[in-house]
Structures are given as C-alpha cells and as structure tokens.
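Letter by letter, the chains look like this.
Protein chains: 2
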Amino acid sequence: MMVHYMEYAKEAMDQISGGGAFLTVKGENRVNTMTIGWAFLGFIWGKPIMMVAVRHSRFTYELLKESQEFSVSIPIHSDLKKALGFCGTKSGRHYDKFEECGLTLVPGETIKTPYIQQCDLHYECRIVYRQSMDSELVQHPIVHRYYDQNDYHVIYYGEILACHT
Amino acid sequence: MMVHYMEYAKEAMDQISGGGAFLTVKGENRVNTMTIGWAFLGFIWGKPIMMVAVRHSRFTYELLKESQEFSVSIPIHSDLKKALGFCGTKSGRHYDKFEECGLTLVPGETIKTPYIQQCDLHYECRIVYRQSMDSELVQHPIVHRYYDQNDYHVIYYGEILACHT
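First to last, the sequence lines map onto chains U and A.
Residues 2 to 166 in my numbering are what the first sequence spells out, letter by letter.
Residues 2 to 166 in my numbering are what the second sequence spells out, letter by letter.
Hints may be right or wrong, so weigh each one.
Any copy will do: because identical chains look the same in the list, a pair fits if it lies in one copy or spans two.
[To be verified] No more than 25 Å apart at the CA atoms, straight line, and that leaves these computed lysine to any residue pairs for SDA-like: (1) 66 to 140; (2) 48 to 82; (3) 48 to 160; (4) 48 to 131.
Hints are computed from structural coordinates only; laboratory data are not their basis.
Keep in mind the model is a prediction, meaning the values are calculated, not measured.
Assemble the whole structure, with the sequences as input and the hints as a guide.
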C-alpha cells in the first residue's frame, strides 16, 4: 500500500538507528544491499527526500557511481537481525548477500532498483544530489570516532518516488 | 512537554513544507528569525539531527557564523501565516521581526538561543556540521529554479538537544 513519505517516519528512524535497514543499489551488472544505521527524511527543492550515507570504501559506493537510484527496505515487524548483521559486515564484492541471507528481491514500482520482500516498509528513491563530507569541516570528536581511517561518507539525496508498506 | 525527536515528524514536515516554520538564531548582538520551508529529520554519528538550509545572502547566515546553535519553532495548530509571510520576505537587517509580528521569545531549555512562544512544537539544536552546497554537483533544473543568482544554501546539521511541545 502506498503511504505518505512521513507516515511511518518515527518507526522508520527508530528501526534504522536502533537495528538497521537495507540500502539496495543496482549497478550495471550487480545488485547489492548493505545495512545502514543512519538516514534522514525531509523536504528540499519541492521534493520529499530520503538521505543516506555511504563510505567511499564500500562496494555500494561503486555501484552508486553507476546508478541514480536506491531503495531502502525497513523491517519494522519482521526479525531480520541476522541478515542485518551479515549485510553490515560482509562485502558484496565477496558474497551474494541475497542468497546468503535468504532475502528475496521484488522489482521496484517506480525505479529499476528492486526492494527486499521480507521487510515491511520501503522507500524508492531517485538521486538528485550527492556530496562527499568535507573532512576539514567535521568536528574532531566525530573524526576520532568515525573517520580515523579517513574513510568519509558521501551523502546521497534521494527523491522519494514511492513509499509503500 | 519533552517528546521524542521523531514523535511529531510528520506534523512537523507537513507544516514546514506546506506553510513554513521559524528558524531562530542568536548572534553576538542580535536575535533573528526567518521562515523555512525545507528541513530534514534523522540520525547520524549516534545523534538525532535536524538539518536546515540557509542561503549565503541571508542575515541568518551571518548570525550563524557567530553561533553554534539554532531553534526551529513550528506552528502546528496556531495560525501564524502572516508572521511566516513577513519573516520569509523581510530581512532582519532592517526589521526587528519579533516586534513587527508580535512574536514572543522564550529562553531555550538547553541552548542560549530562544524559541517562539506562539508555536506548538520546538527543536533546540547544536550545530555539529555545516557544509555549503557544491554548485558543480547540483542538477541543472534545480540550479535553474533555485540558484540562478548563484546564491546557494549552506546545510546545517543540528544535534537535537531538546524537542518539546
């Protein structure tokens, strides 16, 4: 069922920051998913937006060079802890995470990128802006905790074309 | 009453994008407020965050050079259309907007920046990151519509220290 992009914002953010969600990207030859624990929902340039962050070192970062889309699938009611653990620690360079975790891909309704059937809430997004964090501007305690390997995040602004349960 | 930062996320975003809200900043010698129609709520670096966007040309941009804080006050139930109109078109360089609009400032509970009593929902934020949009990365239709004067936004990431009604 299609829902307003902010309808389940609290449930979405609680799950993302508390247990994680799946960020799925389809490159030219591969689909991959990774666990995210950070995100933003909001509105800019007349568009509803979901923002996600991906480090330069990630396989997903490489796929995002080939794509203008992503989907975010959130397990609100379903227990996917094991899959979230696997997809947050293993690289799509070495594993087919969908096969390893028994996750089923469903074709997106508005984008070419699929989403994950076992989740309850899905955002289909088209990237309208992307910008690397500027290491000079990040505060020292945050650098110390998250970026001591100099592996900064790129922030992707995805226009939400569909939000469904 | 203190509430979870996402408790009224839908109401907040609907009002911000539909009618506007007040972004209040206290510089060294002046307090000012401006109307915003864009914002994001989310989570990064272990922190609940509200993001706001301010153009370089704004008086608020100058005040934000002197401040690490802002408050966002949202009129969910109260009708402040007239004040939102005034504060979105007039500059704090030329007006005391609080006096002009009959808006009352209340001392912040966690920051030195006040909030606006006539609103129903308030976010008190400490800035943890700020980055100018990169004009090279903004898509052409967005440049054409919003930045033909080359007056890009700075994005401010404010850690939400308090959210109250």
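Please work out whether the CA atoms of residue 66 and residue 140 approach to 25 Å or closer within one copy, between two copies, in both situations, or in neither? between (27 Å within a copy, 16 Å between copies)
When no copy is specified for residue 48 and residue 131, does a C-alpha distance of 25 Å or less occur within a copy, between copies, both, or neither? Both: 15 Å inside a chain and 21 Å across chains, each within 25 Å.
Up to 25 Å between alpha-carbons, please classify residue 48 paired with residue 160: within, between, both or neither. both (6 Å within a copy, 23 Å between copies)
Could you place residue 48 and residue 82 in one of the four classes (within, between, both, neither) given a Cα distance threshold of 25 Å? between (32 Å within a copy, 22 Å between copies)
The structure meets every hint from the earlier list without exception.
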